[in-house]
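Could you put the whole structure together from the sequences, leaning on the hints where they help?
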Amino acid sequence: MNGTDLGRALRELRVASGRQAKVVARSAAMSPSKLSKIENGALAPSVLDVERVLTALEIPKEVKEQLAEAARQVATEATAWRIYRRTGLHKHQEEIHAIEAQTTLLRVFQPSCIPGLLQTPEYVRGVQKGSELTDDALEKMIGARLRRQEVLYDRSRAFEFLITESVIRWKLLPAPMMAAQLDKLIAMSRMPNIRIGIVPLSAAMPGLPTSSFVLFDGRLVIVEIPHAEITTSEMRDIELYVDKFQMFDRVALSGEGARDLVAGVRDDFLREQETA
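Quick note on numbering: the sequence shown equals residues 1 to 276 in the UniProt record's numbering.
No wet-lab data here; the hints were simulated from the structure. From the three backbone atoms N, C-alpha and C, an ideal C-beta is built for every residue, glycine too. Any given hint might turn out to be false.
With beta-carbon atoms standing in for the labels, derived distance ranges [said to hold, decoys possible]: (1) Q149 with T79: 17 to 25 Å; (2) A263 with S31: 40 to 48 Å; (3) G257 with A137: 37 to 45 Å; (4) P206 with A137: 35 to 43 Å; (5) S166 with A21: 41 to 49 Å.
Capping the alpha-carbon separation at 27 Å, the derived lysine-lysine pairs in DSS-like fashion look like this [stated by the list, open to error]: (6) K37 with K22; (7) K91 with K140; (8) K22 with K64; (9) K34 with K22; (10) K37 with K91; (11) K140 with K129; (12) K34 with K140; (13) K184 with K91; (14) K129 with K184.
Here's what the structure looks like:
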């Protein structure tokens, strides 16, 4: 089954359900034009597209698993950040939000910045410095990212974050704002469904922290590189990232040890503020 076959199958299921395309598109967090292109074979659907449409159609589990597996066998895809900026970063945030809402265990490895689900509004702005977004586009993006964070309060889901110590020391914002961001990390680490690990600079590193990535259960991984975002559901690739996550997790501090380290860095920022 290729992308065209998948699109045709999705269209047949939608028509059989009696649902209008625009209603399904809205539920699947995509534009009606995108759904139309997928159904007509003009655009090969990603695994995420297929899963969202099938969820919107409330398809029986057996059929959903068959088509999702077919989608997994089609390809690994890369989307340039410039495309997301052109179409609207807030829309991409909404797409990720839809995936997170269907995930039971989410694992994040981040060697570059505080993970998006844990960022303060000020930190989001700091991350986007130099991105050439308009003020309106930036505000929409910040709003969409903060709405994503609501999923953290769903106790039926578990979240594991691995962050390198260099991330919490990287002065992306003025000292008071960095201290506030680290306070948020400490607070979120106390939630029963959230575990935050810090990979300390003093640890003997088991390997290089090459790229940030997010694991959605065991079915999908999204990898961020400077010019693009790579999505794959190929099991061999997913296993590679699971192994990498576990490798750094073994040397990470968690619980009170992680909170003590973060608090120490926060206090450094506060002292810097006092002497400024």
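Do the hints match the structure? See the list:
1. Q149 with T79: 17 to 25 Å: Because 23 Å falls inside the window, the suggested range holds.
2. A263 with S31: 40 to 48 Å: Taking Cβ atoms as reference, A263 and S31 lie about 45 Å apart, which means the hint holds.
3. G257 with A137: 37 to 45 Å: holds (40 Å)
4. P206 with A137: 35 to 43 Å: This hint holds: roughly 39 Å between Cβ atoms.
5. S166 with A21: 41 to 49 Å: Roughly 47 Å apart at Cβ, these two residues keep to the hinted range, so it holds.
6. K37 with K22: holds (13 Å)
7. K91 with K140: Holds, at roughly 9 Å.
8. K22 with K64: Measuring from Cα to Cα gives roughly 21 Å; hence the hint holds.
9. K34 with K22: Since the Cα atoms of K34 and K22 sit roughly 10 Å apart, the hinted pair holds (cutoff 27 Å).
10. K37 with K91: holds (18 Å)
11. K140 with K129: holds (15 Å)
12. K34 with K140: Since the Cα atoms of K34 and K140 sit roughly 21 Å apart, the hinted pair holds (cutoff 27 Å).
13. K184 with K91: holds (25 Å)
14. K129 with K184: Measuring from Cα to Cα gives roughly 21 Å; hence the hint holds.
Checked against the numbered hints above, the structure breaks none of them.
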